[in-house]
Each structure stands twice: as C-alpha cells, then as structure tokens.
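J.: Here the protein sequences come in this chain order: P and H.
First residue of the first sequence: -17, per the numbering used here; consecutive thereafter.
First residue of the second sequence: 36, per the numbering used here; consecutive thereafter.
Don't read these hints as lab results, they were simulated from the structure.
Just so you know, not all the hints are guaranteed correct.
As the list claims (entries may be wrong) - Taking lysine-lysine pairs in the BS3-like style, the calculated list, with each CA pair at most 27 Å apart, reads:
#1 K377(H) with K479(H)
#2 K121(P) with K101(P)
#3 K114(P) with K603(H)
#4 K702(H) with K86(P)
#5 K146(H) with K114(P)
#6 K101(P) with K567(H)
#7 K218(H) with K647(H)
#8 K344(H) with K121(P)
#9 K146(H) with K101(P)
#10 K461(H) with K440(H)
#11 K224(H) with K335(H)
Stated by the list, open to error - Per the computed footprint, the stretches of chain P lying under chain H, defined by three or more beta-carbons under 8 Å from a beta-carbon of chain H, are:
#12 3 to 9
#13 42 to 49
#14 59 to 70
#15 78 to 88
As the list claims (entries may be wrong) - Label pairs and their in silico Cβ distance ranges:
#16 M78(P) with K503(H): 55 to 65 Å
#17 R70(P) with G285(H): 54 to 64 Å
#18 T73(P) with N522(H): 40 to 50 Å
#19 G57(P) with D651(H): 38 to 48 Å
Quantities reported herein were computed from a predicted structural model and do not represent experimental measurements.
Beta carbons: idealized from backbone N, C-alpha and C, even for Gly.
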Amino acid sequence: MQINENGEFRPTIVAFCCNWCSYAGADLAGSSRASYPADVKIIRVPCSCRVNPMFILRAFERGADGVILCGCHPGDCHYSTGNYYARRRMTMLFGMLDYLGIEKERTRVEWVSAAEGAKFSATMNEFVSAVKELGPNRKLRDLRCKN
Amino acid sequence: MEVNELQKIGVFVCWCGSNIAGTVDVAKVAETLKNEPGVVFSTDYQYMCSEAGQLIIKNAIKDNGLTGIVVCSCSPRMHEATFRKTAEAAGLNPYMVEIANVREQCSWIHKDMEEGTEKAIILGRSAVAKLNLNTPLIAGENPVTKRALVIGGGIAGIQTALDIADAGFEVDIVEKKQTIGGKMAQLDKTFPTLDCAACILTPKMVDASANDKITLYTYSEVDNVSGFVGNFTVDIRKKARYINTDVCTGCGACTEKCPSRKTPNEFNMGLDTRSAIFIPFAQAIPNIPSIDKNACLHFKTGKCGICQKTCGVNAIDFEQEDEIVTREYGAIVAATGFNPIKVDKFDEFQYSQSPDVVTSLELERIMNAAGPTKGKLVRPSDHKHPTDMVFIQCVGSRGESCREKGYCSKICCMYTAKHAMLIRDKYPDVNVHVFYIDVRTPGKNFDEFYRRAVEEYGVDYIKGMVGKVSTRSNGRLLVQGSDLLANEQLLLETDMVVLATAIEPDESVKDLATMLTASIDTNNFLTEAHAKLRPVESPTAGVFLSGVCQGPKDIPETVAQAGAAASKVIGLLCKDKLIANPCVAKSEELLCSGCSVCANVCPYGAITYEEKEVNDHGVRETRRLAQVNSAVCQGCGACTVACPSGAMDLQGFSTRQIMAEVDAICK
Ligand SMILES: Cc1cc2nc3c(=O)[nH]c(=O)nc-3n(C[C@H](O)[C@H](O)[C@H](O)COP(=O)(O)OP(=O)(O)OC[C@H]3O[C@@H](n4cnc5c(N)ncnc54)[C@H](O)[C@@H]3O)c2cc1C
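Okay, chain P solo, but in the shape it has when bound:
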C-alpha cells in the first residue's frame, strides 16, 4: 500500500501469471500498448497450479492489497489439468477467507489466453479499481512486517 502526495491510495497488486497463456497475454497487452495501472506487478510461474494459496496469504501478510491469479482457459492448460487444480485450490482459499471474515474480493482467478492482451489489461484495470474501492488491506497484514 502507498498513499501518494495527492493523498491517493495506490494499492500493491501481485499478479501470478502462468508462463504459457497469461504471461504471454500480458506480453501482448504490452506490445499492443494496452495500459493498466503500474500498481500491478507480475510473477511468472510455469502453471497456475504452481501457485500455493500460501503465496497469496504471504503477499497479504507482507502488505499486498490484492492478489490475482491468471491461468490458461479451462481445457487449454499446457499441462492439461493444472488450471483445474488451481481453480479448486482457489475455491478452497475463497471459502477460508470468507470464513475468517476477510474480503475475498481481494483475490481473484481469471483465465487469460496468450491472444487476450486486451482482456489482460481490462482485467487488471478492473481489478485495481475494485481493490481501490476496498481500500488498504489491514486485516491480513502482519504488523511485525514493518514497511
């Protein structure tokens, strides 16, 4: 989280992108100059199924305001079934966040193909404004992790 000079809230957003579809989709967003807020920082993973829900909790603990997981569309996974695993795991995580009383809207799963540069940027724009709406993440933040 950051508050700039104008008092504007600039969220920290972590985006996990699978190497084969979403990361390529982000590249396409770049080469087609489809802009999205600089708040989004991408971490490349081989497959959405590499993302442990723990990574997401870790990001929140460290001060992220939103975490988005992007993978290949169902049926298109490079490793055939990885995104199904990711979807199930994330469903579990959503349930847990809900149970703990934490805004699960700060986490999201999206399927973005390598051809969907425009969708990638639209998704990020939309997610960032949704997180901005929610305000800074305070609940999950580990107070010992000073900033």
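Let chain P serve as the given structure and place chain H with the ligand on it in line with the hints.
T.: Here is chain H with the ligand on its own, set in the frame of chain P:
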C-alpha cells in the same frame, strides 16, 4: 530478505533504444539496484541483446566473478534463451539468469516516467531477490533406445510401424489377435471411394511382415511396462498357439481335417462357424493357424490329435506354453483401436431375438465376397433374398442412458450411406430405408457421397427414431418408428434391420493406460497431451497415440494420425540423447511422508515410490519416499502445492524463490 552470502549478482538494464529508456530512467534503475543485497555490479546499455551488449555482460561476469545476472529488458519469452547462452559462454550456469520484464510489463504500458522507473526498480528488485536463491541447474541427459513398440496391429498400428521402419528404425508390433489387420480386414468396401478394404489393406499387411525392420508379435499382449521416455522396458506375452511357428508352412491341411467345427467364427462376427485349429481368414498375417484350447478335442478329452497326424512338418505342439519376451524401446505407440458396443441391452431392436437384426459390422461380413455368404445379400434366418431393409442410426451413440455412449461415433453416417448405396447398386429391387437423428457427413467428398445415396440411388432417409422392432407371423420384421418431418408414425415391414452401433475403445485400454501411465477420458479413449497442439502425443513423454484408440475416426483420418504419430516417434528416435528440462520437481527426502498425494495429481506419472534408507538426524530407517523421474516430469508444479509436508519443490520456481519475489514486490 534472504541473502546468499556467496552470490555476486550483476544487473544489466537495457534501454531497448527508446522502447524502455523512453519511459524508464534506466540509469536510475541501475543505480538503485546496486544497493540490493548480493548485487556487486550494475550498468545500463542501449541494446543488451546486441553483440556489444552481450560482450558487456560477458566481461562483467569475468571481471567481477559474478555468480548470476539479472537482465532488465524485454519479456523472457523473447530473450531469456539469448542471455542464458551469453552467461554460459562466460562460464556461468545458464540457470543463474533472471529477466526483469521492464518493457512489455512496464515501459510499453506506462506513460509517466516516474511511475515507470519506480515499477522497473521493483521488478528488478524482485528478480534480484529470486536470483539470490537460484542454484545452478544441470539439464540431465538420457540415452535413447532406437527401437519403437506399436501396440495394436490394425491399420493405425500397421501404418505407424511402416512409417517408422521407412525412416530406418526397428519397430515391433504387438497384436493380441492371431493376425494383424484389425477391423479394416473385416470390412467389405470403404467409403468414400468404395474400393475394397482387402485390396488396400492386405498389401500393407504383407509390407509390414516382409519389412526386415518390423517384427510382428501376433497373438501377444503387453504384460508389463517400466521405464520412461527413451528407455522403456516391456514384457510381451506370446500366447501359446500350440504350433511351432518356425516350421509351420501355413498349408492349412490341419484346419480342413479338424473334426471340431462348431465354434462361432469371430472373424465373421459369429455368422458361421470355424474349426478348433484355425486361420482367421485367408490373407491372415502371419498365415499360421492356432489352436483354440476351449474347442479342441485333444485338450477337452485327451483324444483326437488328428491335426498332429495330418501335419507334414510336425508343427503341432500341444505342450507349448505362453512365452514372455522382454524388449527395450525408446518410444511406445498405442494403436489399440475399437470395438462396436454390445447391443443385447437394446431389447427394443430384437437383436438377441431375431437373426435378421444385424449390426453394421455383421453386414460388412455378409456383403464381403470372402464372408459367410460369399458376398450374397441374404436374410440370415432363411437365406432368402430380402426385398426391404431398414437401417437404424445412432444405436448407442449420442444417448444419455447408461447403456448408451454420450458421444457421436462419427463413422456410422458414412458407412450406413455406403451400405445403402452398395445394396441399391447391386440389388436395385431392394428398398432401403434409413432412420436417422441427423446426418453428419463432414469430410472431403463425404456430403457428396451421402447425397448420391439419396439422389442417385433413391435411398429413403427418414428423420426419426425407431421405437420397436418385432417379428411377424410371416417371419418378417415390423419396424415401428416416427417420421419427424412428416410428423407421423410409421409401420414398415422389412426383411432385415441393420443397427449402426456405437463404437468404444478396446476394453484392454484401461489396463494398458495404467501400465503406460497414459490417461483415458470418461469414455475410455486415450487422451492426448494437448487437444489442439499435441494431438498424437499422450501426456506421458514417449507414449504416442494412433487411430481410433484416441477417438472415433475413419480410415483416412486414422492413417493421417498414424503417420503423425510415426513422425513424432522418428523425431524422438533420431536423438542420441534426450536433454531434460532441469526445472523439474524434486522431493526433500527427510520431509517426505510417502503419502502418494503428489503422485495422484501428477498428470505425467512422473512420481513413483521407493523404499529407501534415510538418516533422519541420526535415526536410520527405511521409508517409502517419493521419487521424481526428471526425464518424465514436465515441471508444472502441481505436486508442490499438493504435498502436505512441503517436501516437494520445483527447481527454478522454488517456494522460497516465489516467496522472495512476493516479498520484494510488497516491500
Ligand atoms: C461397420 C464399419 C464400417 C466401416 N467402414 C469404413 C469405411 O467404409 N471407410 C472408412 O474410412 N472407415 C470405415 N470404418 C472405420 C474403420 O474401421 C476404422 O477407422 C479403422 O479400422 C481404425 O483402425 P485402428 O487401427 O485404429 O483400429 P482397429 O482396426 O480396431 O485395430 C486395432 C487393433 O489393435 C488390436 N488390439 C487392441 N487392443 C490391444 C492390446 N491391448 N494389445 C495388442 N493389440 C491390441 C486389435 O486386436 C486390433 O487388431 C468402419 C467401421 C465399422 C465399424
């Protein structure tokens, strides 16, 4: 942040002309990243990927004794390989390179210099944080056994074997029946050109048996498969034929003299009978008989032995036993084909009750000149010439009940049009009616073919389903159906009913898939590694798919896929060594509890278990531990998250590396 004391990192910020430098203050990025842990060198340059840029990197590595480099540049999908080579040329391990994507993910999408620079620094910082935890990775090498195994000797298996042999590699075909040929050997004429199946198939069968690169194991099955891509070991069970195949000449005298002649002839779909010692059909390959133990009088009563007395070369061997041969292969192709489903559950069509209700494959035998009726179309019950025939489409296909298949069997519309046309051509006096749900004839010259049946041959196509078939007192059949277009109920008296039965994968495929760690879908068809991009590879490296075992297909499609599978096999066997991707899963033995969760989620069957002795803080014991086969693992990481004890990790994308990136971004 975790810092590897021994890491000496160099940071190289590329301008990409003005592509990056236009929105990112590259000098500031280089300057700021100098303060990151582990970084001992940092610079910027106009084009890092150019020869001059690469030289800067190489020199910096040598001069500063760098252990790893971060390049802030375009997407790793663009130049990661370039910079890995550069690093390698300067003596670094190629996996000690990380790319911060500051072009596609930063300069190209942000307009504000301050914002862009700030983000580029964070992306660089995150790459440095990851690189601090990188370890040199060595790509493993495995030798390749230059021999292929094809399981199934139908047209798919034969074509694949011929193509592989053509490229100069040895290939073995394992066929569970007494002869190769598969279903195509049973067909009469084939759509869309109506050439006779035997005329185009039997030369290929002869080619396969004459080819000195091809070894046929007929009447044989795969008992066990172990190993992995390039290095499979397979046990083949050669079932006892009770014939010494080395001396048998295939003269056939024994089959003529055999007194036990009442066994339903499988090749003719049970429409006639065969002897206990038999050759499936005249052009069988190999043309050698085998004894059906269940029908043979010698095996049943201990008497007889006429075949033994008849045989001029003393080839009959009642003592023969199954033989297991073990062979090594570099690649395996599954070509196990299909079978029509059993239709006895479809009581409404009277298949079990009336001999005049036949399946399409039975009709192929009836129409075949070498078949039980010598190709004469007769009513099976009384061998009279029929005047009316009704075809029912989609029997068991596209249904929802448990006796039906949900999918379209694809070939039935075309072969029914073929049957109807052939009958009308040869016997213009026979009226042919076809009940259909839809006519599906996509394919080159396929729709034209169907229209010819309707327009030139006057076949009566009726859109609608048949509700009931019953036998009349005059011996004919009564078909009750509906005509959906005319919106009326129909009653047709007919001599024969032909059921276009759904096809399903051979039942052996389930066991085979387990042995090969290949996966099957809910309909038991073998699944491909990628439905669009890798249609002839199974998800298991080194296992390929050919023919109907992967999904319903006609002969042209089967042959095309067979050739494609062969070319993939050839591509594999051409290599002397397989270089494995080193970014694969690895299990920490002291943490592993042997629970099998990782193996269950692995789409490639790369994880096995071994009893191993461990030394857990002084305690020596034997434990069941997960072992990743790095030649088979594709590095998706599914197992790493599934592992409940945190033993599984992915090299190159380890949990600590990803966490470090997260921390660096959220700092
Ligand atoms: C009635 C009918 C009519 C048809 N007419 C036409 C037509 O006119 N034109 C056309 O293009 N197509 C036609 N077809 C489709 C054609 O038959 C198939 O496309 C073709 O036979 C597929 O070949 P395959 O090798 O994949 O399978 P198969 O022919 O089934 O061959 C598979 C082989 O593998 C063997 N096998 C199975 N399991 C194992 C195992 N575990 N170990 C060892 N061996 C094993 C089997 O014994 C068999 O010999 C027709 C099909 C039917 C049913």
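J.: Hint numbers the structure violates, sorted upward?
T.: Structure breaks hints 1, 2, 3, 7, 8, 10, 11 and 15.
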